[in-house]
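J.: If you read the sequence shown in my numbering, its first letter stands for residue 734, the second for the next number, and so on.
Bear in mind the hints are in silico, worked out from the structure with no lab data behind them. The structure presented is a predicted model; accordingly, all values stated were derived computationally and were not measured. Errors might be hidden in some of the hints.
Stated by the list, open to error - Calculated lysine-lysine pairs in the DSS-like style (CA-CA distance at most 30 angstroms, straight line):
| # | residue 1 | residue 2 |
| --- | --- | --- |
| 1 | Lys1129 | Lys1081 |
| 2 | Lys858 | Lys901 |
| 3 | Lys1429 | Lys1282 |
| 4 | Lys1177 | Lys1023 |
| 5 | Lys1129 | Lys1177 |
| 6 | Lys992 | Lys1004 |
| 7 | Lys1150 | Lys1123 |
| 8 | Lys1282 | Lys1004 |
| 9 | Lys1222 | Lys1177 |
Said to hold, decoys possible - Estimated spans, in silico, between C-beta atoms of each pair:
| # | residue 1 | residue 2 | range |
| --- | --- | --- | --- |
| 10 | Arg1137 | Pro1508 | 28 to 34 angstroms |
| 11 | Thr1547 | Arg1022 | 49 to 55 angstroms |
| 12 | Thr1547 | Glu1334 | 36 to 42 angstroms |
| 13 | Pro1518 | Leu1068 | 57 to 63 angstroms |
| 14 | Leu1138 | Glu1019 | 41 to 47 angstroms |
| 15 | Lys1441 | Glu1089 | 41 to 47 angstroms |
| 16 | Asp1063 | Thr1199 | 45 to 51 angstroms |
| 17 | Asp1465 | Glu1334 | 18 to 24 angstroms |
| 18 | Lys1087 | Tyr989 | 32 to 38 angstroms |
| 19 | Leu1138 | Glu1334 | 53 to 59 angstroms |
| 20 | Arg1435 | Thr1199 | 50 to 56 angstroms |
| 21 | Arg1022 | Asp1249 | 15 to 21 angstroms |
| 22 | Pro1508 | Glu1080 | 26 to 32 angstroms |
| 23 | Thr1157 | Ala1114 | 46 to 52 angstroms |
A virtual CB, placed ideally from N, CA and C, is assigned to each residue, including glycine.
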Amino acid sequence: MMEIIAKLIESCAVVVVAGIFLTLVGQRFQTSAIRNGIVVGVIFGAIGIVSLLTAVEVGAGYRIDARDVAVALSVPVGGTVGVAITAAILSLSRFYLGGAGMLEGIFTLCLVAVGSAVFWTNAQKHREKRLFLKDILVLASITAASPVIASLIVSAFALEAPDFSVLKLSVPTNFAGTMLWGVVMARDAERRWVLAAFGKREEQLRSVANYVSDAPRGLDHLVHALATQLQALANNVPGILFQLYLDEKASPRFRYVSKGANRLLGISPEKLVERADIISTLVSPEALRKILESIRDSAADFTPWTNEAEFVLHDGRSLWLRIAAEPRYDSDDRLVWDGSMFDITQEKRNEQMKNEFISTVNHELRTPLTSIRGSLGLVAAGTAGELPDKAAALIKIALSNSERLVGLINDILDIEKIEAGRMTFDLERQPITPLIEQAIEACKGYLVDYGVTIAFADHEGGMEATVDGRRMHQVLVNLMSNAIKFSPKTGTVEIRLERKGDCIRIVVSDNGPGIDETFRDRVFKKFEQADASDSREKGGTGLGLSIVKALVEGMNGDVSFETEVGVGTSFYVDLPAIGSSDRQTIDAAPGRPRVLICEDEMDIAQIISLSLQEYGFASDIALNMEAAKAFLSETDYDAMTLDVRLAGESGITLLNDVRRLKSGANLPVIVISVIADEARQQINGSAIGIVDWLEKPIDLHRLKETVKRMREGNYQRKPSVLHVEDNEDVLDVVAASLGDDLAFSCARTVSEARTKLSNAYFDVIILDLDLPDEPGESLLDCVPPETAVIIFSAMDVDEKLARKVQAAMTKTRTSELSIASMVRGLVALNRNAINADQNAEGAHQ
């Protein structure tokens, strides 16, 4: 037995030859993985053949040697190529020798090769390709297990029992041999790796030494080359590069100016460095002041600065430059600015051309479109008589396409305002429910056209938010109309108002096709539609959701969506919520007419309430504007009393808000205030619908008489309307929409309108701002306090002007029928107020 063990050790020892050979070869063949694998395969194959020739024969044809060890250990140094070549060489050799154990021997070699290659490939995916002890243990296990597996498989096919006398020697021999010579190879590989690393480091240190010895003249050459290159780049930049600093007097001076100064300003860089004040002769004093302020602010807070200024050159030419600079401290610890000046003259011209184009679109397109759409709408509504079916169908097509064109123009103008940062928001605290109801009302035409129903669920009644009512209406109508268009016929669009944390959430859901995943990240981009066919089938420009996002964010909100293909889409508008306010209900009996008492002194409010109860009125008391708005959002009132100074806020602002609501357009109002007479002189169009003006302390007898007249409805007079407009088509369309029961008069210039106002009284004035002789807003000084003014123009109305009138509407955004509805409400309220004053005078007489 000892003789067998000795021969086994002698057989395995030939593997040392492989280690010695690898040490001699070193890195010569490791430049290519295939070349390295071939060399290793040949070496380990040769070693295996030597081991095979010196093998111990333990039975007829059965040999024990180190060939399995050679195959396993060829993997770490030769990879899959090396182990494949080693296994092939040794398999052919064993086949050549023949004998009873040939089949088991070849099968064992194949198992060792495959097992070792699979393990090594997986093990090296996430770490460096070095042989560790745990790797040797796995390879040793593979060589030990392979003879057993091969013997069992071959015996099963031959229907014979495996020869365990051979296995009990080959298994430990393979395991021990692999462990022993694997450790030797690992140590040798580590030694060669360290030597190679030191060799590389030595070469690197030699290169550094050579570079240092040549540094003085090489560095001078490098600096000169870089300076020349940078100077060439700076001089050829299409602008001016400069470095600026502040001198002892805190005056800006140039340390460096590129040659672009010659091209743009006609001044040499040397002259600007010598005299920086030359710049001040090229710009206006205001522009110079802004530039100096920017430099001072930048020096104070160490931030970059940017300015745009118009330069008038010595030859009379003018150009616009954008100046930008960033501060830093130089090597002498002095604050300097590295900056640039670029010519933006063409950019300014393009901006001016765009503004002129927008102005042209605003007026020249909106005005005729207003006439076209209004005329078609009236004809389609039957104003001109009943039409034949064919003509009616054609009118409907024309009206539909005019609406699409109007929508396109409005969307383009809105997106231009948003991009230019000129979109203004008149943010006010107001209830959300009425806004949703108004939007649903505005979408009723879509519901009929598409055969879709709409369901509104208010889960949090009376919630308020600070929004721009007009912009919020635009957001809601856009989302609802989209949901309607993409819902199937007989489908339902669901609107929900709910609370989400500190926010109000408005949900608009449809059961349409949903949004494809590839399009979801582009939903809010301009001119984007999920399918090009959508614009033809559904209509639209692809701007709506982009505008919605900008408007919601302008009101400090957020918009998002969830979608599932084939199920539907839900859009979410989240707005910061506002809590409820103090309010009190007096006599909540149903069926009685109700009056809203807006009064911040509870004692006075209760006196008013008792006076109202005598004539059968129930009442609610609002102690501030927030409470009043909450009441108005929940209840339709028959009348309202108003303190002009309501808890330190303007009651007139509340009245303006009321008039914007559908439920408040015809609401009679009694003003009760310590400054009633003063307010009566100051209030403009909001005075429409004011039944009486009562000073504090309250004349209870007069209050009761006013309430009695309100109860009986005795405050009426004949209405009249003045339309100031220079476009004949618009005049005709508006006149036709108002009907024959109103006294309609028109003026085509401001001068003509002044004359008519001096000779007659009008309940409402419809005013265009763009008139031939002078701006329409100049007429406002001549309008009596009791007369309401509606601006109806293609021009945008700024916030200051909008506060002076009852309403401001843009042509193409508002139909003539909507104007007619508003005019009728306003003239009715004004007529009631005038008749009430006349009745009061008669009673005193």
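J.: Of all the hints numbered above, which does this structure not satisfy? Sort the numbers upward.
T.: Of the numbered hints, 1, 2, 3, 4, 7, 8, 11, 15, 17, 20, 21, 23 do not hold.
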